[in-house]
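Build out the structure end to end from the sequences listed, making use of the hints.
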Amino acid sequence: MAKRIDVSGLTAYYGSHKAIEDISMTVEPRSVTAFIGPSGCGKSTFLRTLNRMHEVTSGGRVEGKVLLDDEDLYGAGIDPVSVRREVGMVFQRPNPFPTMSIFDNVAAGLRLNGNYKKSELSDIVERSLKGANLWNEVKDRLNKPGSGLSGGQQQRLCIARAIAVEPNVLLMDEPCSALDPISTLAIEDLIGELKERFTIVIVTHNMQQAARVSDRTAFFNLAAVGQPGKLVEIDDTERIFSNPSVQATEDYISGRFG
Amino acid sequence: MSTATITPKGPGTLRGARLPKWSPYAIAAGSIALAVGIGLAGGLHSRVQWGLIAAILYVVGTYAIATAVEGKRQAKDRIATSLVWVAFLLAVIPLASLVWSTVARGLKVLDVYFLTHSMGVVADTEPGGGIYHAILGTLEQVGLATVIAAPIGVLTAIYLVEYGRGRLSQAITFFVDVMTGIPSIVAGLFILSLMLMFDMQPFGFAGSLALAILMMPVVVRSTEEMLKLVPNELREASLALGVPKWRTILKVVLPTSIGGITTGIMLSIARITGETAPVLLLVWGNAFINANPFEGAQASLPLYIYQQYANSAGSGAAYDRAWAASLTLIAFVMLLNLVARGIARWKAPKTGR
Ligand SMILES: Nc1ncnc2c1ncn2[C@@H]1O[C@H](COP(=O)(O)OP(=O)(O)OP(=O)(O)O)[C@@H](O)[C@H]1O
Ligand SMILES: [Mg+2]
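Sequence lines, in order, name chains A and B.
Going by my numbering, 126 is the number at position 126 of the first sequence; the sequence numbering is gapless.
Going by my numbering, 15 is the number at position 15 of the second sequence; the sequence numbering is gapless.
You can take every hint at face value.
When the alpha-carbon atoms are kept at most 16 Å apart in a straight line, the in silico EDC-like pairs for lysine to aspartate or glutamate are as follows:
1) A:K117 / A:D104
2) B:K245 / A:E55
3) B:K251 / A:D104
Partial list, derived from the structure: chain A residues whose beta carbon lies under 10 Å from chain B:
4) R93
5) S147
6) A162
Under 7 Å between C-beta atoms, here's a sample of chain B residues computed to sit facing chain A:
7) E233
8) A237
9) L239
10) A240
11) L241
12) G242
13) V243
14) P244
15) R247
16) K251
17) V252
18) P255
19) T256
20) P349
It is worth saying that the hints were derived from the structure and are not from the lab.
The beta-carbon is built from N, C-alpha and C at its ideal position, and this holds for glycine as well.
Next comes the structure, spelled out in C-alpha cells:
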C-alpha cells in the first residue's frame, strides 16, 4: 500500500511569486517524515504540491518532478483527481462537512467517488473511525452532525475521513496546532499506528512533536523575506536533532536564529 | 511613568452611576407628551409633525439626561441606541399602516367566492366577480419565469464563483450588473419588439419572458453571495479526497448553501410577482379565465389591481375589488417569504449535537 515519494527539482509559484525553489528529496514508505522550518518558508506549499492541491489555488503552478513509486504525478495525462485518491490530506484546521453526519463525513470520500459497495460502507466507516481513535467517542451518535464535535474530535474525524479512502500516502499540515495536549497525544499515537500502513508526511512547528513522531526530518528555510523557500537538509530525525550537518538547522532547532 | 496618568480612584469605581432600566420608556413617554403639548399649543395639524418632534425630543432628551447622570461615553452609547430605535420606528410605521389599510379595505369583498370566480361579464361598476383568473395568470406567468430564470441564474452564479476567471467572467458580471438596472418597462418593451417582429398577439408566456429577464440578475447576485460564503476549506477537503470538481460543487458546495440560494430565489419571485408594467404590455389582461399561458391574453394580480383601480374613480365595487386583490397579493408575497425563511432554517448547516 504505502509508496515511496521521489521529488526532484521542484519549484512552485503563486502567479509570478516563486514560493519554493528546486527541492529534491525522497520520502520513504512506511515512515513518518516531518517538515520543520520558519513560517512562510513554503512547507505547506511543498506539501500541497505532493497531491496536486497546489494548483487548486488560483495562479498555482509547479515545475519539476514528483515520482510516486515510479509514476510522475506531473507527467502528461495524469489526472489530478486520481492522484488525490492515492495521496490523502489532513488540514491544519479541522474541516468536516457541515451538512453531513459523522457517518456521512467518514463515508464522504467513498460516496462522492462512487466506488464502493453498500454492504461494505458501515464496515469501512467503523474501521476508519477505530483507526482514528474516535470510534468509542462517537459510536452512539453517528447520525449527529460532524460539526457538533470538539475541535480535537473533529480533527480525528478528518483523519478518519482521509484514511477511509485507503490512500497510499497521508499528508498532514500542522494537524495538532489547534488541539490540546491530550488530543495531540492521541493524534501522535495514531500517527505511530498509521505509519504501519501509510507513508506519512507531517508539517509541524512543534520540535518535540517532530522528534517524537518522525523517522526523518526535513528542515526548510528561506534566505530572506520575499526569497523562495529552500530545503536545507533532510536526514534521520535523531541526527537532525543531535548533530545536524548544517549550522542553520542547529540554530533553528536550538532556538538561535536571526 | 505611565501609571502617573491614571487618576487614582476610590473603591467601586468600576460601577459608575447608571440610569434605571425603565428610563428609556420614561424618556419616550415624556417626549411624546411634550410633543403633543407643543403640537396643540403651536396649532400643528399634521400628526407626522408631532411624531417627528417626539422623535427629536427623545434623542436629544436621552443624550442630555444620560450625559448628566452617566457621563459622556455612556451618553454616546445611549444616543446610538435611541437613533436605532427611532430609525426602526420610522421604517415600521409606514409598513404597518400599509398593511393595516390594505387589510381594512381588502377584507370587505375578500371571500371564497371572490377567490374562485373570474370577472367574466361583470361590469366594473357592478359588485361581484372575482380574481380567480388573475391568480391563475400570476401563478402561471411567475412559475414559468422562475422555471426559466432560476436554473440559468444559479448556473451562471456557479460558473462565476467556481470556474470564472478572466475576461469572460468579467463580461458576465458586467452584464448581470447592467441587467439588474433594467427598468421593468424596458424589459417589457424588449419582448414586445420581438413579438411585433413576429406579428404575435399578447399571451402569458411573453410576460414570463420579461419577468425572467428581471429575475435572472437577482438570482445570480444572491446565489453568488451564498456560494462565496461557503468556506474554501470545504472545497479543498473534498478535492483532497479525490472528488472531481463538479461533484464537489454538487455534493458539498450546493448542499452547504442551498438554504440561502432557495431564499434568494423565493425573494426574487416575490419581487417579480408584483411587476405590472411588462404584464400590461405583453399579457394585456383578460376578464375571463384563460388557463393557457401560451395563447391568448391572460390576467394577473398586479394588472388586475391596476385596471380595477383605474376604472373605479376612487370608490365603488371596482375599488373594493382592487384592495381585496392587493391583500391577496401581499398575502401571497408574505407566504413566499415565510416559506423562504422556513427553507433557510431547515436547510441551514447543522451545528448542534
Ligand atoms: N494562496 C497564496 N497566494 C499567494 N501566495 C501564497 C499563498 N499561500 C502562500 N503564499 C506564499 O507562499 C510562501 C510560502 O507559504 P506557505 O504557506 O507554504 O508557508 P509555510 O511554511 O506553510 O508557513 P506556516 O508555517 O506559517 O504555515 C509565503 O511567502 C506565502 O506568502
Ligand atoms: Mg503552513
